[in-house]
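2 protein chains.
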Amino acid sequence: MALVANTMHIPLRRAWDILREAKIQLPPEECPVQRCYGRIIAEDLVSLRNVPHYNASAMDGYALSSAATAKATPSSPVILDHGCFSRLNTGGALPQPFDAVVMVEDVSLSKDGERLVVGKSVVAGENVRPIGEDVFRGQVIARAGETVTPALASLFATAGLSSISVRPLPKTLFIPTGDEIIPVDEWLTLNEPPAGKVGESNSFLVQGYFSRWGFPVDIASCLPDNPEILADFLLQKADEYDLLLVGAGSAKGEKDYTFSIFEKNGFPLFRWLLMKPGRPASAALLRNAVAVNLPGFPMSNAVILWSIVFPILQLLQRGDFSETSVIPTALGAEATEEIPLLIPCSSSPGKEEWLRLKCVEIDGKKTAYPLPSGASALWSLAEIDAVALLPLESAELPKGTPVSMWTTRRIPWKERILFQGSNDPALERLPSFVRNHGGDLLLRSVGSLAGLAALSRRECHIAAAHLLHAETGEYNTPFIEDLFEKAEEELVRRTVFFREQGFITQRGNPKKILDVHDLTREDVVIINRQRGAGTRVLLDALLCGAGIPQTSLRGYDSLSPTHFESANRVALGFVDVALGIKSVADALGLEFIPVAEEPYELVYRKEFEKLTGMTALLRAVEDAEWRAAVIRMGGYRWAQ
Amino acid sequence: MALVANTMHIPLRRAWDILREAKIQLPPEECPVQRCYGRIIAEDLVSLRNVPHYNASAMDGYALSSAATAKATPSSPVILDHGCFSRLNTGGALPQPFDAVVMVEDVSLSKDGERLVVGKSVVAGENVRPIGEDVFRGQVIARAGETVTPALASLFATAGLSSISVRPLPKTLFIPTGDEIIPVDEWLTLNEPPAGKVGESNSFLVQGYFSRWGFPVDIASCLPDNPEILADFLLQKADEYDLLLVGAGSAKGEKDYTFSIFEKNGFPLFRWLLMKPGRPASAALLRNAVAVNLPGFPMSNAVILWSIVFPILQLLQRGDFSETSVIPTALGAEATEEIPLLIPCSSSPGKEEWLRLKCVEIDGKKTAYPLPSGASALWSLAEIDAVALLPLESAELPKGTPVSMWTTRRIPWKERILFQGSNDPALERLPSFVRNHGGDLLLRSVGSLAGLAALSRRECHIAAAHLLHAETGEYNTPFIEDLFEKAEEELVRRTVFFREQGFITQRGNPKKILDVHDLTREDVVIINRQRGAGTRVLLDALLCGAGIPQTSLRGYDSLSPTHFESANRVALGFVDVALGIKSVADALGLEFIPVAEEPYELVYRKEFEKLTGMTALLRAVEDAEWRAAVIRMGGYRWAQ
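In the order they appear, the protein sequences are chains A and B.
Under my numbering, residues 850 to 1489 are what the first sequence spells out, in order.
Under my numbering, residues 850 to 1489 are what the second sequence spells out, in order.
Note that these hints are calculated values from the structure, not bench results.
Since this is a predicted model, take the numbers as computed values, not measurements.
All C-beta atoms in this analysis are idealised placements derived from N, C-alpha and C, irrespective of residue type, glycine included.
Just so you know, not all the hints are guaranteed correct.
[Said to hold, decoys possible] Distance ranges between label pairs, derived from CB positions:
id	chain 1	residue 1	chain 2	residue 2	range
1	A	Ser1171	B	Phe1116	48 to 54 angstroms
2	A	Pro876	B	Glu1334	32 to 38 angstroms
3	A	Ser1171	B	His931	32 to 38 angstroms
4	B	Glu1089	A	Pro876	23 to 29 angstroms
5	A	Met952	B	Thr1038	56 to 62 angstroms
6	B	Glu1245	A	Arg1167	42 to 48 angstroms
[Said to hold, decoys possible] Mimicking BS3-like on lysine-lysine, the simulated pairs with C-alpha atoms at most 30 angstroms apart in a straight line are:
id	chain 1	residue 1	chain 2	residue 2
7	B	Lys1361	A	Lys920
8	A	Lys1361	B	Lys1215
9	A	Lys969	B	Lys1215
10	B	Lys872	B	Lys1086
11	A	Lys1214	B	Lys1086
[Claimed, not checked] A few chain B residues that face chain A, going by a derived Cβ cut-off under 7 angstroms, partial list only:
id	residue
12	Gly974
13	Leu1001
14	Ile1031
15	Leu1084
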């Protein structure tokens, strides 16, 4: 069956309406009380028993007739003969014809145990937990819609309920597809996976989220890119499962035949969302099941899990969901907060756009910045503090724009500090050590100059720079004096280490790069760093000193944000040479031609020194373990 | 081994110190990546692979050499011959010697597929996701102490980690004991459980909390009260498990032999806590395991799970825990809030005391009131909104005292209203219907007069009364005029139904109670209701009308808070007669001798009418389903 109108290229909320209208709710099911913890109760439950189900002593004491104790006092006790009392432990059953319990503390028993001396009068029912005191037979003990807590599960068993009616747990099957996909068990055994093939890893996202949500999911074996095989498989499984998730491979491009299968064999619901990432999602009714086509890139896969699959699970289980809370619930969000952006951000108008964000508090104000947004970036998906879904109409969001976001973890606001500045692999190892010292360090590699500028605008706690001033030969000072005009701003500057900069080339230096003059050769292509990066400033100083114009270098305008990426381009043969530090050349097994040793200087405001995160950072840079790791990387020398 | 000094009758924090000093942390363990979701990472993890591990096309397009496209523009395209380009899907591997990808949109292929017309120049690396772009080999991808999220699990698999080092999941065994305990499977098959025996239900609490915490637990078969059998079993299991929980029966009284076993066979840690409930807990080291004696009453069991067992699990798993967050985490608390008490509350000084609380917002102010506090009350444990642990020195807490509490569920502050007033079984069925209409109704049976008084003090949203004014024969009005002096307070009064009041006696009316005069007989004992209850007011009016002094009734001063409890005392033979309503007599199969038909009137402030909860309540009392259920109960007649 073909799609009806207004079901292609639609906003998320339209997709929700379509899914709601499909009326896919499953009927309630019976669940044995032994396994009911965490389930949602489908109908009000009444106790089948009185609790307690007999008159129970509330104390260790003696059962007796209250009337017999009417006149008992400590000074003129009543003496009861054998047969007129009975020893009871707490919880023991009150025997007929007794109607009260007197505490052991208020009586004494004769030596032969035949007579009880009672020094206190009790009324009928005293120290007795009568039948039904806690719960009576027929009492409503839980209501439809509640989730079974540990106490409720225990109460149900006590109340004699051997099973309860609960909302169903939909049965889901995830089916990875794609010729380029290697099953994960095989993937993990490979030393060098073949190019063009990728390990099946979306099942981990699916299993993880389903586990977090408390829904079961089965994972099918990976299917090849063969529409007939997939169609047969889907139709067979549509009778067995309530929800079928077809995982597209990451390399499918536009060859999406899954939707054709939906059209041919079922009732298609929608196709393509006005959403980035997540656009290629589609859904259909297939026999008794709902089928969803999940995009293959991890971030696309994740956003469709949050925004389409979780709402479908709610519809199957409860018949409805809340539009305001369904996504934060799916995300396991700690809170919804409106937090201003630390940096500007642009969004594609006409599409809802997902942002992955890191959060930090500076000067007592919360702020957030987006992580790289590629749909394929698994790393930034793993790193997120918060997620935002920018509305269709969003375009340019200037710095400071408040964005409503869902925080997906407890953010260590008070322990966290933000570093912006020069990229360095040794520094990238520091956060673990900062954490060991009780802090939390975020690193943003923006280059030396941008880092100092951010510090001057109070947009980070600490920066690092290695900016060579060509005219004076001095590092950093002229730039800092330029940015921090006011004398009252007390800065702390601290050189942590010196590091070797040099030309990084393929192993064996095939192009025979010996000094800066070789960079001008016709057969040499370089990769440069972004404007304001200390390494670029160094290159410019070298060129200036040698009287070489920048324009005479091939590749001067092609940029990379980190030492590692620059060196990687060399390793891949995309370029011939990059200026960068020795540790990275060593790590990638490349050639290194030394050019300069430069100081790597941390810069921060003295007033931040008392922050938990800063204290931890200052301890971490003294940490012998970190220092040993840095020395092993090569090309570093301690400043002190 | 005997206990050392200061380890008996100790406050909770001392017990925590003792446990901490015992140094019980377990070593990390390896976990296959397929099962690592939710586990806590034990050491920093580095990627074993570059991600991507090959140069991947980021687009559907054609791989080519960027140099060849240097001069291409849409108006003067470059034409590449066969062999100088290669079709690639997104994710496809860039073949040697190509260094860039041009998008399909920017090219056209000749009909014979032999030539590619390129209308755009690309630079080296364009539209290519280079090796290691997302994650590079050796990069730290997760840090010790983090919990594995779905994205991290997926990332680990992609990064080639077949297993990771994680903090261990301690192995726990719960061992119910007690001759009076019936295993739950048997308990659920019994129609009439024997008096003095109780079903094993604490394993549901244990399993529920362990499941919530993400820790495994095994449940042993129930053991009899036999120290030798228990000792043998514990010593055998101490090598197999990390934590042994011995569940005491509910009827053990002071006959606690478990601790003797601890002393004889292990290293005892502490015994008896200055805590109510939860006092009888004790702990010891037993071979390789930690052993804890869990009290048998459900509430005592639960508080020891929260305050002792969960901290021990943290120590076993992580070596430490946070004193401020360990209990709220164990409780699964939504938040910690300081909320004033709605009613006064007394606590035992010298003991930390656990309060179970219900919460409601009145006039925009949050407030909380304690539920019944008996250690045996499973019902109030299941009903809690919040839990507080009052400090050792707490004694009398007047109304309004702010108490720091952990809320254990999301409280529907905006939908919730509080009823205080006359007890009625039909009203007790109303909350489910209020919930169906979008509200949330809390019921507090305090009697007619106390309900009206609470309403006048703005301590509830709605009250209900059936107070007969003996002098005028009028219902409620004189009492309301007395309480609500100011004319500006606009009250709404609404009689919902009339209900039959009468004398409730044993079936067959063995004492031949015919009218109020019979209550004065020597052989007749009554049960009365609390001061201010409408039913007591009715009894007083009957006595007054007949000229009978209250003092001539046996049992006039013995009180019960609800119709059900009064009738239950009759059913149990504790008393001969209670004044109460027909529906309760019917429900318990008792005799009912009609005395009066009275109006049951809801009273609320008009200003509350707009509240979500009140709107829902007003709809619920019109709900045909509720009305049908009420009529089936017997003794009710609708007012309209």
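Quick rundown of the hints versus the structure:
Under the hint 48 to 54 angstroms, the C-beta atoms of Ser1171 of chain A and Phe1116 of chain B, about 52 angstroms apart, fit the expected range. About 56 angstroms separates the C-beta atoms of Pro876 of chain A and Glu1334 of chain B, a value inconsistent with the hinted range of 32 to 38 angstroms. The hinted range of 32 to 38 angstroms is not satisfied by Ser1171 of chain A and His931 of chain B, whose Cβ atoms lie roughly 58 angstroms apart. Take Glu1089 of chain B and Pro876 of chain A: their Cβ atoms lie about 42 angstroms apart, and the range 23 to 29 angstroms is violated.
Take Met952 of chain A and Thr1038 of chain B: their Cβ atoms lie about 36 angstroms apart, and the range 56 to 62 angstroms is violated. With their beta carbons about 45 angstroms apart, Glu1245 of chain B and Arg1167 of chain A fall inside the hinted range of 42 to 48 angstroms. Only pairs whose Cα atoms come within 30 angstroms are accepted, and Lys1361 of chain B paired with Lys920 of chain A is accepted, the gap being roughly 29 angstroms. This hinted pair does not check out: Lys1361 of chain A and Lys1215 of chain B have alpha carbons roughly 77 angstroms apart, beyond 30 angstroms.
A threshold of 30 angstroms between alpha carbons decides the hint, and for Lys969 of chain A with Lys1215 of chain B the separation of about 43 angstroms lies outside it, so the pair is violated. A distance of roughly 20 angstroms separates the Cα atoms of Lys872 of chain B and Lys1086 of chain B; the hinted pair therefore holds under the 30 angstroms criterion. With a C-alpha separation of about 54 angstroms, the suggested pairing of Lys1214 of chain A with Lys1086 of chain B is violated against the 30 angstroms cut-off. Taken as an interface hint, Gly974 of chain B checks out: its beta carbon lies about 5 angstroms from the nearest beta carbon of chain A, inside 7 angstroms.
Interface hint at Leu1001 of chain B: satisfied, since its Cβ lies 5 angstroms from the closest Cβ of chain A, which is below the 7 angstroms cut-off. For the restraint placing Ile1031 of chain B at the interface with chain A, the shortest Cβ-Cβ distance is roughly 11 angstroms, beyond the 7 angstroms limit, so the hint is violated. The beta carbon of Leu1084 of chain B comes no nearer than 27 angstroms to any beta carbon in chain A, farther than 7 angstroms, and the hint placing it at the interface is violated.
When each numbered hint is compared with the structure, violations occur for hints 2, 3, 4, 5, 8, 9, 11, 14 and 15.
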